[in-house]
Amino acid sequence: MSEQVVQERHWSAHKERGSLILMRLTAFSVRVFGRRLLTPVLYLIVLYFFASARSARRNIRQYQSYLADWSGNASLRPTLGSVFGLFIAFADNLLDRLDVWRGRLRFEQVTLVDPSGVRTRLLHSQHGGRGEILVVTHLGNPDVCRAMAELGEQVPLNVLVHNRHVAQFNRLLGEAGDRSMRLIQVSELDTAMMLDLSQRVERGEWLAIAGDRVPLHDGRRVMVNFLGHAAPFPQGPWLLAGLLQCPVNLLCCLKVDGRYQIHLDPFLDTAHWERGRRDATIQGWVQGYADHLAQQCLMAPQQWFNFYAYWQPAQPEATDAN
Amino acid sequence: MNALQQEIAQLIIDTLNLEDVTVDDIPPDQPLFGEGLGLDSVDALELALALQKRYDIRIASDSKDARQHFTTVATLAAFVQAQRDACAN
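Heads up: the protein sequence lines correspond to chains A and U, in order.
Residue numbers for the first sequence, in the UniProt record's numbering: 1 to 322.
Residue numbers for the second sequence, in the UniProt record's numbering: 1 to 89.
There may be inaccurate statements among the hints.
To be verified - When the alpha-carbon atoms are kept at most 20 Å apart in a straight line, the in silico EDC-like pairs for lysine to aspartate or glutamate are as follows:
| # | chain 1 | residue 1 | chain 2 | residue 2 |
| --- | --- | --- | --- | --- |
| 1 | U | LYS53 | A | GLU202 |
| 2 | U | LYS64 | A | ASP190 |
| 3 | U | LYS53 | A | GLU274 |
| 4 | U | LYS53 | A | ASP143 |
| 5 | A | LYS255 | A | ASP143 |
| 6 | U | LYS53 | U | ASP24 |
Said to hold, decoys possible - Distance windows between CB atoms, simulated:
| # | chain 1 | residue 1 | chain 2 | residue 2 | range |
| --- | --- | --- | --- | --- | --- |
| 7 | A | ARG278 | U | GLY34 | 41 to 51 Å |
| 8 | A | ARG277 | U | THR22 | 23 to 33 Å |
| 9 | U | GLN10 | A | HIS229 | 34 to 44 Å |
| 10 | U | GLY34 | A | THR270 | 26 to 36 Å |
| 11 | U | GLY38 | A | LEU80 | 43 to 53 Å |
| 12 | A | GLN287 | U | ASN17 | 16 to 26 Å |
| 13 | A | GLY128 | U | VAL23 | 50 to 60 Å |
| 14 | U | THR22 | A | GLY117 | 46 to 56 Å |
| 15 | A | SER187 | U | ASN17 | 53 to 63 Å |
| 16 | U | ASP20 | A | LEU25 | 47 to 57 Å |
| 17 | U | CYS87 | A | PRO115 | 39 to 49 Å |
| 18 | U | ASN17 | A | ASP190 | 35 to 45 Å |
| 19 | U | LYS53 | A | GLY81 | 18 to 28 Å |
Unchecked claim - Incomplete in silico selection of chain U near chain A, CB under 10 Å:
| # | residue |
| --- | --- |
| 20 | ASN2 |
| 21 | PHE33 |
| 22 | ASP85 |
Keep in mind that the hints were calculated from the coordinates and are not lab data.
In this text the structure is predicted, and so the values were computed from the model without any measurement.
By construction, the Cβ of each residue, glycine as well, lies at the ideal position given by its N, Cα and C atoms.
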C-alpha cells in the first residue's frame, strides 16, 4: 500500500461509527426538542465538522471543481461559500432523514419521476414474476426512497448495505418506526445467503444495492471515468444482476427546490454478457451508470455527501480475495 | 479423486474461468473459500447456479447445509451424489 492510501482512510473504516452515534444523538434530540430547536444545534455540529475536517473540505472541493470542469459551468467552481453550503445541505439532509424515519414525510410531499412505471412493477412483482435490481445512489437522500417504497404496502425489497453496524442500525430504525425493510450486510454474504437472494429474486422479490461505493476488502471493482477523472466503482451489483439475469433500474432521490424527487429509471432490460466478455460488458454498464450519476449531480450539485476521497487510484488487492 | 470429484473440479474451473488452474491443482479436500482456492461469495453464487443447471438439482438455502456442501470439492461431490440418489429413488 502506498502512503497516500494509508492516509486516505477508506470511507467504511470511519463513517458508520460516527454517523451512528450522530444519528442516535440526533434521533433522541429531535424527539425531545423537536426539529425547530434542534436545527441550530445541528448547524453548530456541522460547522465544527466543517472547521475541523480538513480532508473532507478538500474532497468536497475536488468534487466541485471536477463537476465544474466536466460540465463547463464555471459557476459550479468551488468557493469557501459553496463548500460550506454543501456541509449545511448535509445537516438538512440528516434532519430530513429523521423526519422520514419518524414517518413525518408523506407521499404527497414527494414527487415520483417514474416515466416507465418501475414502482408499479415493484408492487406487482410479488404476484408472479421475477424480481429486479435497483442500483441506488448516495447522491441526495436514499432513505426517502426506502420510506416511500414501504409506504402503505409491504414491498418485497431486500436492501444490501455496506455497514458493519447493521444490527444496531436495525434497532435504531425499529425505534424510529422504519418497519419491514430487510437489511443485509454485504460483508456477511456467503454461499447460503447468496443462494437465498437468488431464490428470493425467483419468487419476485427485488434487491437494492448501492452502485457508487466500493467495499473495502473487495477486489471486484472497475475504474471508469466519472466527471472527467478515473474513479473506482463496484462490480458487485452488476455481477449479481448478470448471474441472476434480471433487469436493472437506477434509483436516486434528490431535493430540488425544497421538494424531494424520486427518480426511477430503467437501465438494463436484462443483464447478460457473452461468454468471455464479462469484464468488458460490466465496464460498459458501469460507465453508463457513472454518466447517469454525473447528470444527476448536475441536477443537485450540492447533495454530494461523500466526504472521503472518491477518486482514489485503483488498488491491487492480491491478498483480499477472501 | 473419483470421477464425480474430477467432473466438479473441472466445472469449477470452467464456470469461474480460472486461468492456469488444472483439476490436479484442486485437491478434493482443499477449502474452496478463504485460505484455499480463494473463492468469494459471487463465485459461490455462480458455482451454485452452474451446479443446479448441470445436475438438475436444487440447492436449498435455508439451512447451514449449503455452507457445508460448498466447503471442498469432496463435500460438493458427496452432496451432488446424494441428490442424484434421492432423485433416482
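Hints, verified against the model:
| no. | hint | result |
| --- | --- | --- |
| 1 | U:LYS53 / A:GLU202 | 15 Å, holds |
| 2 | U:LYS64 / A:ASP190 | 11 Å, holds |
| 3 | U:LYS53 / A:GLU274 | 18 Å, holds |
| 4 | U:LYS53 / A:ASP143 | 38 Å, violated |
| 5 | A:LYS255 / A:ASP143 | 12 Å, holds |
| 6 | U:LYS53 / U:ASP24 | 24 Å, violated |
| 7 | A:ARG278 / U:GLY34: 41 to 51 Å | 23 Å, violated |
| 8 | A:ARG277 / U:THR22: 23 to 33 Å | 24 Å, holds |
| 9 | U:GLN10 / A:HIS229: 34 to 44 Å | 43 Å, holds |
| 10 | U:GLY34 / A:THR270: 26 to 36 Å | 33 Å, holds |
| 11 | U:GLY38 / A:LEU80: 43 to 53 Å | 48 Å, holds |
| 12 | A:GLN287 / U:ASN17: 16 to 26 Å | 22 Å, holds |
| 13 | A:GLY128 / U:VAL23: 50 to 60 Å | 42 Å, violated |
| 14 | U:THR22 / A:GLY117: 46 to 56 Å | 50 Å, holds |
| 15 | A:SER187 / U:ASN17: 53 to 63 Å | 24 Å, violated |
| 16 | U:ASP20 / A:LEU25: 47 to 57 Å | 53 Å, holds |
| 17 | U:CYS87 / A:PRO115: 39 to 49 Å | 47 Å, holds |
| 18 | U:ASN17 / A:ASP190: 35 to 45 Å | 21 Å, violated |
| 19 | U:LYS53 / A:GLY81: 18 to 28 Å | 58 Å, violated |
| 20 | ASN2 | 23 Å, violated |
| 21 | PHE33 | 7 Å, holds |
| 22 | ASP85 | 21 Å, violated |
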